[in-house]
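My request is simple: use the sequences and hints to build the entire structure.
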Amino acid sequence: MAKKDFLCNVIFKVLARGIVVLSKKDSMIKAEIDNLPESYSVGLGVLPYGDYVVLKKEKGELFVEKKPSGATLTVGFKNARAAKLVMLARSSIAESYCRHDLIVAGDISVAMGLVRAINRAEKYLFPHFMTKRFLPKIKKEYCPLLLYLRIFFTKLTK
Amino acid sequence: MAYFEFINSVKICSGAHALENIVYELDFLGSKKPLILSDNGVKNAGVLDKVTTILSKNGIPTDNIFTDIPADSDVSVINSIAGAFRQSGCDGIIACGGGSVIDTAKGVRLVLSQQGKDILGLMGNEIIKKGAHIPFIVLPTTCGTGSECTAVAVIKNHETGIKMEYISSELLPDTAIIDVRLTETLPKKLIASSAMDALVHSIEAFSSKQKNPISDAYATTAMRLITTNLPVVLENPTTEARENLALASTLAGIAFSNAMVGVVHAIGHALGGECGVPHGNAMAVLLPKCMKFNLDTNRTEYGEMLLYLAGAEKFASTPKDKRAEASIEFVINFERKIHELSGLALTLHEYGVTEDKFQNVAKKALNDGAVIANRKDVTEADVLDILKQCL
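For the record, the sequence lines run as chains A and B.
For what it's worth, my numbering labels the leading residue of the first sequence as 1, then goes sequentially.
For what it's worth, my numbering labels the leading residue of the second sequence as 1001, then goes sequentially.
Treat the hints as calculated values from the structure; they're not laboratory data.
No residue lacks a Cβ here, since even glycine has one placed at the ideal position from N, Cα and C.
Misleading hints may appear alongside valid ones.
Distance condition first, Cα-Cα at most 20 Å in a straight line; then the derived DMTMM-like pairs of lysine to aspartate or glutamate [unchecked claim]:
1) B:Lys-1209 - A:Glu-58
2) B:Lys-1117 - A:Asp-107
3) A:Lys-137 - B:Asp-1296
4) A:Lys-140 - B:Asp-1377
5) A:Lys-139 - B:Asp-1377
6) A:Lys-139 - B:Asp-1382
7) A:Lys-158 - A:Glu-65
8) A:Lys-78 - B:Glu-1170
9) A:Lys-67 - A:Asp-5
10) A:Lys-24 - A:Glu-141
11) A:Lys-137 - B:Asp-1382
Label pairs and their calculated CB-CB ranges [claimed, not checked]:
12) B:Lys-1117 - A:Gly-70: 13 to 23 Å
13) A:Ser-39 - B:Ser-1088: 35 to 45 Å
14) A:Ser-39 - B:Gln-1359: 25 to 35 Å
Partial pick of chain A residues on the chain B-facing surface, computed with a CB cut under 10 Å [as the list claims (entries may be wrong)]:
15) Leu-47
16) Glu-95
17) Cys-98
18) His-100
19) Gly-106
20) Asp-107
21) Ser-109
22) Ala-111
23) Met-112
24) Arg-116
25) Met-130
26) Thr-131
27) Lys-132
Listed below in C-alpha cells is the structure:
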C-alpha cells in the first residue's frame, strides 16, 4: 500500500468540496457541471496509487463520494509534487499538462470543462496575488470566506 | 532548463525508392500477413496498387484490404476492423492514406495491442500502458497531417457527433515510408491545403507552451522546407521539391506531437465538426488571424521564426522589434501566393460557413485539447472575434 501524502489529501478534498459548493453559487462553474451527463463522475488525484477524490453528479447535484472508487473521467497527476504545484496555485493546470505532469483517463473534451471549473475555483480559494501569473482576475459571485466555512462545516459527501 | 519530454520512435524511410523497402520493413517487424487499410479515393487513384504490386511480387498476401474508411475516423469502423483483424489471422497493419486512414489504423492497432474490444474505453491522455506489439507501417498519401509520426489520433463518435482525442506514445507507428510516388496524383488544391496544415503544425509547435529545444529543431526545419518548396510544387513541380514537402509534413508532425498545437487547431477542429470545413483549408483561413491574436504573448517566437519562414536576408534586414509583425506579414503574403497558384480559398464564407454557426464553433473550440497549449488564454469572445475576422 503506497504511503499517502497528508497535504495532497487535504488539498484535493478542499478543492473537491469547493467545487461542490461553487456548483451552486458560481454561474460559470454551474454551467460546466450542468454540461455533465447524469451519474457522471470525475476523479481527481495522484495516479496510480496516491490520494484520490471523486465528484459525482446525481439528480443534477454534485457531491464528493465518501468511498471513491472508479470514475467516468479521471484527471490525475503523475506525482504528489506535481499535484501540489497546481493545487497550491503555484502553477496552472495548463502548465502542468504541458510539463506532462497530467494524465487524463476519459474524454479530453469533458476534461477541458473540468479544467475551467478548477481554474475558477482556485480564484475563490486563493488570493489574487497567488494566481495572477496564470489566471485572469474574475468577478467573484460568492464570498470566499463563506466558501471556506461551507467547505469545512457542511455535509458535502455521500 | 524547464522539464520537457520528447518521443519519436518511428523509423522514417524517406526519399527515392523508399516504397520498395516495405517488404524488408515488414519482415524486420515480423509481419507476414498484413491487414492493409486505405480509402476508396486512394484506391481509385491507383495509389494503393503501387503498394500491393510490390507486396504481391514478393509473395506477401494482399487479400486483406479494407478501404471503406470514412472521411472522419469512426469508432464503430475501428472496432469492426479490429474484430476482422482477429478473425483473419493477420499479424500486422499497413495504413496507406491520409489522416483519417492513419488515425483509423492507429485506433485499430491500439484496440488490438491493449486486447480491448472498444476504442471508446481507451480515451485519454498518456493513460495507455505498454501493450502487445502489432507491427504497424504507415504510408502517407498527403503531405500535411504528419500523422505517421504523431502520438495523437482524432476519432469521431458518429453517435454523439464528437471528435475525441487520443494521446499516447502507444499510437506511434513502427515505420513511416515517405515516397512521393504516393502523393503524385494529389490535386493542387489538396497539396496546398495539406501543406498549410503542416505549416500550421510547425508554427504552433514553435510557439506553444509545450515547445522544447528538440521540437523547435523539427519545427523550424519544416517551416523552411514548406515555404521554399510549396510554391515550386504548385508551379513547376520537381521530384526534389515534392520530396522536401513530404518530409516537411513528417517533421512538422514530430514537432507538434511533442509540443502540441494551439488555437488555430482548436478552432479548426470545431469548424470541421460543426461546418464541415476541410481541416487544411480551415488552417489556412485561420492562421493569420490567430497569429495576430497571439502576437502579444508570442512576439519572441514569431520574431525568431522569420529566419525560417522568409530566409536569412529578410531576417537580417528587419529590425528586431519588427520581426514578429514581419512573420505575420510573410504568412499573409505566402497564403496569397498559394491562393493564386492553387485556388485555395482564404475566407470562411467561401466554404459556406455562416455566422449563426459561430456560437457552437466557439463552444467546441474551447473544449478542444489544443487550446490548453496556446500561450494566450482563449475565451469564447476571442474565438467569436477571430471567426468574424475570417468570414
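Okay, the hints, checked on the actual structure:
1. B:Lys-1209 - A:Glu-58: The given pair, whose Cα atoms are some 36 Å apart, is violated under the 20 Å limit.
2. B:Lys-1117 - A:Asp-107: holds, 17 Å
3. A:Lys-137 - B:Asp-1296: holds, 18 Å
4. A:Lys-140 - B:Asp-1377: Answer holds: A:Lys-140 to B:Asp-1377 is near 19 Å, not above 20 Å.
5. A:Lys-139 - B:Asp-1377: Cα-Cα ~17 Å, so holds.
6. A:Lys-139 - B:Asp-1382: Given that 20 Å is the threshold and the Cα spacing comes to 18 Å, the pair holds.
7. A:Lys-158 - A:Glu-65: holds, 5 Å
8. A:Lys-78 - B:Glu-1170: Distance ~18 Å between A:Lys-78 and B:Glu-1170 Cα, so the pair holds.
9. A:Lys-67 - A:Asp-5: Given pair A:Lys-67, A:Asp-5 holds - Cα atoms ~18 Å apart, limit 20 Å.
10. A:Lys-24 - A:Glu-141: Satisfied, since the Cα-Cα distance of roughly 11 Å is no more than 20 Å.
11. A:Lys-137 - B:Asp-1382: Within the cut-off at roughly 17 Å; holds.
12. B:Lys-1117 - A:Gly-70: 13 to 23 Å: holds, 18 Å
13. A:Ser-39 - B:Ser-1088: 35 to 45 Å: Roughly 38 Å apart at Cβ, these two residues keep to the hinted range, so it holds.
14. A:Ser-39 - B:Gln-1359: 25 to 35 Å: holds, 28 Å
15. Leu-47: Given a least distance of 8 Å, the restraint on A:Leu-47 holds.
16. Glu-95: holds, 7 Å
17. Cys-98: Holds: closest Cβ of chain B sits about 4 Å from A:Cys-98, inside 10 Å.
18. His-100: holds, 5 Å
19. Gly-106: Because about 6 Å separates A:Gly-106 from the closest Cβ in chain B, which is inside the 10 Å limit, the hint holds.
20. Asp-107: holds, 5 Å
21. Ser-109: holds, 4 Å
22. Ala-111: holds, 8 Å
23. Met-112: holds, 5 Å
24. Arg-116: The hint holds - A:Arg-116 has a Cβ within 10 Å of chain B, the shortest such distance being about 8 Å.
25. Met-130: violated, 17 Å
26. Thr-131: Nearest chain B Cβ about 13 Å off; hint violated.
27. Lys-132: With Cβ-Cβ at 12 Å, over 10 Å, it is violated.
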